[in-house]
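2 protein chains.
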Amino acid sequence: MCELLGMECNVPTDIVFSFSGLRQRGGRTGPHADGWGLAFYDGPAARVFLEPTAAAESPLARFLSENPIKTMLAVGHVRRRTRGPTCLSNTHPFVRELWGRHFVYAHNGTLRKVRRRPLGRFAPIGTTDSEYAFCYLLESLRARFQDYPRKVSDLWRAVAEIGAEIGADGSFNFLLGDGRHLFARCATRLHYIIRKTPFGLARLKDDDVQVDFSTVTTPRDRVAIVATLPLTVDEAWVQGQPGELWVFDGGALRATLPSGR
Amino acid sequence: MCELLGMECNVPTDIVFSFSGLRQRGGRTGPHADGWGLAFYDGPAARVFLEPTAAAESPLARFLSENPIKTMLAVGHVRRRTRGPTCLSNTHPFVRELWGRHFVYAHNGTLRKVRRRPLGRFAPIGTTDSEYAFCYLLESLRARFQDYPRKVSDLWRAVAEIGAEIGADGSFNFLLGDGRHLFARCATRLHYIIRKTPFGLARLKDDDVQVDFSTVTTPRDRVAIVATLPLTVDEAWVQGQPGELWVFDGGALRATLPSGR
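Protein chains in written order, with this note's numbering: chain Y, 1 to 261; chain A, 1 to 261.
Calculated directly from the structure, the hints in this document are not laboratory data.
The reader is advised that the hints may include incorrect statements.
One copy or two, either will do: identical chains are not told apart, so a pair holds if it fits within one copy or between any two.
With a Cα cut of at most 20 Å, we get these calculated SDA-like pairs of lysine to any residue [unchecked claim]: (1) K70 - T86; (2) K70 - E57; (3) K205 - A33; (4) K70 - T53; (5) K70 - A54; (6) K70 - L60.
Keep in mind it's a predicted model, so treat the numbers as computed, not measured.
Sequences are here, hints too, so could you generate the full structure?
So, in structure tokens, the structure goes:
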């Protein structure tokens with residue numbers, strides 16, 4: 001199993017605080033020591049930092065904590081491998097280009113039956129079920145829309161439907177970014193929180209760090225954070241229901257759609 | 001204009017020495033201050049570090065110099081923009097998946113007429129001619145081969161032919177990695193060197209650094225380095241002829257193919 005971390009905001013925000021918590025679970029407070037990755041969008045393009053090693057011990061992960069990159073949309077992952085060896089090509093998040101933009105994806109769970117699904121123009125580079133499912137998801141989107149849908153709710157519904165379809169193959173908790181939205185599907189465990197005015201104090205569960213968000217924000221800032229398990233102890237995280245897809249845009253939850261079971 | 005850097009070896013090697021020289025040209029000894037990128041392969045997958053800022057001043061570029069990543073194949077670039085604004089989506093090298101492996105590409109030159117060429121399944125994310133040409137190149141490969149060619153010389157010839165075709169649209173110096181080969185096409189300026197036994201001393205042109213390679217290598221190591229301009233002062237770099245494609249594999253020049261003019 002693995003842990004997911006997503007952030008989607010209405011102003012460029014750094015993810016250091018949340019990533020510091022997640023990073024500890026990558027080998028220190030959690031067993032997810034088989035790789036980590038963090039993707040930062042800048043418009044339709046993303047850059048991704050990946051390492052097939054434990055985040056807790058990683059100089060690169062520490063560098064990112066000390067040199068924060070501001071972004072409106074980020075997707076992160078720490079991996080405890082279940083299927084597929086520990087190597088770069090099996091490290092989440094995965095990235096592909098579709099409709100002239102990067103799609104970034106990370107998965108938590110096991111999809112034992114996903115390989116019976118035929119693929120199209122996207123091929124896995126590594127050997128994980130996770131990446132296979134991503135390739136199938138993108139091919140399904142491509143087959144439905146020739147270009148990025150003008151009516152974005154069509155895209156939301158498509159992601160929910162394809163998520164439900166793949167969800168039948170096992171456990172499919174995932175995060176998906178498209179440069180604008182953060183999609184988050186709960187199969188078993190997923191939580192979110194929206195930080196907005198009035199901002200308060202938050203303390204990490206996994207590290208001796210606290211932040212008073214009121215000192216680093218303006219009243220119009222909104223930041224949505226999604227994580228497998230709550231990252232802080234003194235905030236009210238919303239727990240996902242199995243088979244629910246959340247759509248975040250502008251730091252707000254725009255929709256909760258049914259997405260199978 | 002920009003500067004290119006490629007490395008292809010028969011043993012995992014760090015690129016720090018060469019990158020240190022290139023990095024200085026990113027805003028200090030050279031004017032290429034509009035972004036930089038460095039891709040490292042690990043098998044068929046690559047991870048790419050990108051910044052739309054000057055490499056000479058970049059904490060991330062310094063981090064990579066201080067925390068070397070060993071690889072058999074690397075592609076780097078420092079950018080001085082000619083067409084397309086300075087932003088992440090216009091920062092080389094560019095990456096796409098084809099045949100279940102990453103292709104990594106960087107370009108030096110301007111291709112004023114490339115946009116008349118129709119694209120297929122690969123779409124540019126940014127606004128550069130360079131990325132457009134990459135999409136066209138990959139689509140052309142995909143149209144010729146259903147999968148990674150078993151006879152690799154078929155692939156070599158295809159890259160040379162497509163390089164010649166795109167080369168007619170302007171100036172097309174490029175580096176292309178496929179996880180195994182480094183392809184390097186010279187349109188105007190490109191140089192290479194093979195470092196092999198007996199290894200000697202090399203001094204960077206752009207920085208006060210020298211390395212005695214005999215102390216960090218074994219007799220069977222072979223490292224090919226390709227760069228727009230020679231990076232060292234005391235080695236014999238081979239200058240490319242316009243319209244020549246080099247193919248490196250195992251730290252050796254496997255072929256020099258005609259590739260237009």
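Status of the hints after comparison with the structure:
Only between protomers do K70 and T86 lie at most 20 Å apart by alpha-carbon distance; the minimum there is 17 Å, versus 29 Å within a single protomer. Proximity of K70 and E57 under a CA criterion of 20 Å is satisfied inter-copy only: 18 Å between copies versus 23 Å inside one chain copy. For the homomeric pair K205 and A33, the shortest alpha-carbon distance inside one copy (18 Å) is at most 20 Å, but the shortest distance between copies (41 Å) is not. Proximity of K70 and T53 under a CA criterion of 20 Å is satisfied inter-copy only: 14 Å between copies versus 24 Å inside one chain copy.
With identical chains, the CA atoms of K70 and A54 are at most 20 Å apart between copies only, with a shortest distance of 18 Å across copies and 23 Å within one. Taking the shortest alpha-carbon separations for K70 and L60, both the intra-copy value of 17 Å and the inter-copy value of 15 Å come in at or below 20 Å.
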